[in-house]
Amino acid sequence: MKTAEFITKVLIVDDVKTNIVKMKDALLESEDYLVIGANSGRSGIAKAKAQRFDLILLDIIMPDLDGFEVCNELQSYEPTRDVPIIFLTSKNDPESIIKGFRSGAVDYILKPFSKEELQARVKVHVQLKKTREELIHAKEMAVVAAKAKSLFLANMSHEIRTPMNGIMGMIDMFYQTKLDEKQKEYLKIIDVSSENLLCIINDILDFSKIEAGQIEFESINFSVSDEVEEVIKVLSYKAKENELLLQSKVQEDIPKVLIGDPVRIKQILINLINNAIKFTSEGSVSVQVVLLETNDFTTRLKFSVVDTGIGISEAGMARLFKSFSQTDASITRKFGGTGLGLAISKNLTEMMNGEIGVDSKEGEGSTFWFTAEFKTSSEKEVIESAKKSIQEGSKQKEMHILVAEDNVINQRVARFNLERFGHKVEIAENGIEAVAKFEENNYDLIFMDIQMPEMDGMEATLKIREIEKAKRPGIEIPIIAMTANTMKGDKEKFLDVGMNDYIGKPFKADQLFSLLERVIKQGKK
Amino acid sequence: MNEMNINYFTPDWSHKVILIVEDTETSNLFFHHALRQTQAELIYAESGTQAIELVLQDKDEIIDLILMDINLPHKSGLDATREIKQKRPDLPIVIQTAYTNDYNDTDAYGAGCDDFILKPIRLTVLYNTIAKFLGK
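Those protein sequences? They're chains D and A, same order as listed.
Everything in the first sequence is counted per our numbering, starting at 41 for the first residue and increasing by one.
Everything in the second sequence is counted per our numbering, starting at 655 for the first residue and increasing by one.
These aren't lab readings, by the way, just hints derived from the structure by calculation.
No experiment lies behind these values; they were computed from the predicted model shown.
Don't take every hint at face value.
As a list, the in silico DSS-like pairs of lysine-lysine whose alpha-carbon atoms are at most 27 Å apart [claimed, not checked]:
{"no.": "1", "chain 1": "D", "residue 1": "K189", "chain 2": "A", "residue 2": "K729"}
{"no.": "2", "chain 1": "A", "residue 1": "K790", "chain 2": "D", "residue 2": "K548"}
{"no.": "3", "chain 1": "A", "residue 1": "K790", "chain 2": "D", "residue 2": "K273"}
Put together the whole structure using the sequences plus the hints.
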């Protein structure tokens with residue numbers, strides 16, 4: 041006996057009672073369904089809204105409401121939207137069949153129906169609905185679990201670092217007291233151990249974050265040679281301690297400004313250089329960066345860390361980049377470390393569309409290398425030239441621009457700058473006004489504030505895109521979001537509703553100028 | 655041996671007043687011992703609200719710098735920083751926290767702090783950071 045919750049419920053909507061009975065008999069013959077009938081469109085809608093069904097069989101030709109209207113009503117009501125609807129009708133013209141699927145039905149069966157066909161189709165769609173629900177549920181659970189894990193990691197990190205602060209801070213205070221040589225030596229061991237412990241904690245947290253897919257990459261302008269220089273500076277004292285020469289060489293024609301996450305690049309480099317220093321007893325460690333390829337969009341670089349250390353055997357190399365693996369368990373005892381460093385580096389490079397590897401011979405040193413892909417930045421040059429143009433008071437090709445913005449001061453700032461660049465400006469106080477003005481006038485560009493009274497910028501954009509679709513499909517006016525609160529993911533939201541770009545408030549005149557240049561350039565294409 | 659950690663330079667902050675906002679005893683003890691030897695005068699708060707109260711009472715503006723934790727009872731260090739900066743925008747606030755979320759420093763600077771350091775804090779880092787505002 042199935043409980044009410046798990047039983048499959050089917051609603052049949054048909055104005056002819058004998059049809060309902062025939063279908064019901066056919067269905068019950070094959071499966072243990074709970075079948076309920078409704079003999080008009082209105083009664084069908086009422087029943088579908090009152091309880092949860094797994095499937096609806098819907099006639100089309102009925103007095104008062106026809107099947108298409110019932111379907112539309114159920115599709116526009118959130119709780120019934122996902123209930124699969126099968127039309128069961130004698131209307132066999134192609135237009136009706138197409139209309140049936142367009143209105144959101146999952147299937148279309150012609151009357152008179154074959155019993156076996158009805159049974160089979162109903163079974164398939166009930167199964168599909170259940171599978172879909174299970175998938176949605178599983179996905180929700182996964183999201184909840186990932187959130188819990190990430191929160192746990194953040195708290196864990198905090199809880200461990202708090203007492204570490206007391207330990208490491210007091211070690212530093214201890215150094216300042218009167219200590220004999222033995223005490224100094226012991227204290228130094230505590231000091232080094234606490235630094236190692238902190239490294240391990242960082243490694244484990246990083247690794248768990250990678251596993252949970254929680255690592256986030258920034259996209260910011262940076263200079264490769266500056267970052268390499270900084271890494272060398274940080275590690276030079278360590279190299280000196282081991283009497284090693286630490287040097288770097290960055291190929292000259294690498295673009296000066298790239299877009300990517302410099303913190304991650306430094307993290308990998310520090311990891312590889314630390315390893316090299318650890319396993320090299322004499323000689324040198326050198327860092328080389330070469331350009332693999334560059335175009336307007338992306339730049340690929342190869343970073344190498346070359347040492348004159350003990351080298352690695354063939355077998356050792358194969359295991360190197362796996363988690364929790366060092367070439368030999370005795371290495372852990374002698375040199376320490378979690379064995380996570382290279383696994384983390386491998387994951388990070390892969391996230392930058394790169395590869396990581398090693399070339400080595402036992403006794404002859406090793407070269408650890410990785411490649412990474414960055415966006416090529418032209419922003420700097422653009423901003424520079426924009427600054428120059430503004431200073432020279434040069435004007436842009438005139439555009440008719442609508443600024444939707446409720447704040448009076450921001451209206452004035454936008455108007456002042458845009459008119460200064462040679463444009464014609466109109467203001468809308470809110471989303472409703474923006475949509476109305478868009479319909480009445482012919483603009484080249486719209487700046488859209490996100491938070492506005494009456495109707496916000498997102499909704500107004502959706503409306504404008506709808507109007508365009510109806511009136512002049514294929515032609516879209518550029519809409520630029522203007523907002524003060526840019527959170528991660530906001531940009532995607534703006535693009536999703538159909539905006540083309542965004543500018544954060546407060547913006548600088550040169551930013552605005554270069555954005556307009558971009559719009560003008562795209563308009564020409 | 656790494657000599658860097660052993661010979662410290664101790665700054666002279668006599669006549670300077672530092673407000674330490676921290677609720678963990680061991681961290682408080684470290685700040686207490688580390689900063690006492692700079693001759694600075696130290697005042698303590700254990701919550702965000704207490705820190706705000708102290709700043710509001712400080713009519714003569716004797717406080718020269720605040721060392722602010724993030725994870726505090728009643729009101730977080732970020733909120734406290736925002737409120738204090740409204741009253742005294744020129745008072746330097748250094749946020750110090752054990753939270754390592756990748757974008758924490760962005761949150762901290764967003765709240766209006768002047769500098770950000772991560773726990774565990776080494777003594778040289780503590781001195782150098784504060785010295786940016788109080789001199790050496």
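Checked hints:
1. D:K189 - A:K729: 25 Å, holds
2. A:K790 - D:K548: 36 Å, violated
3. A:K790 - D:K273: Holds, at about 23 Å.
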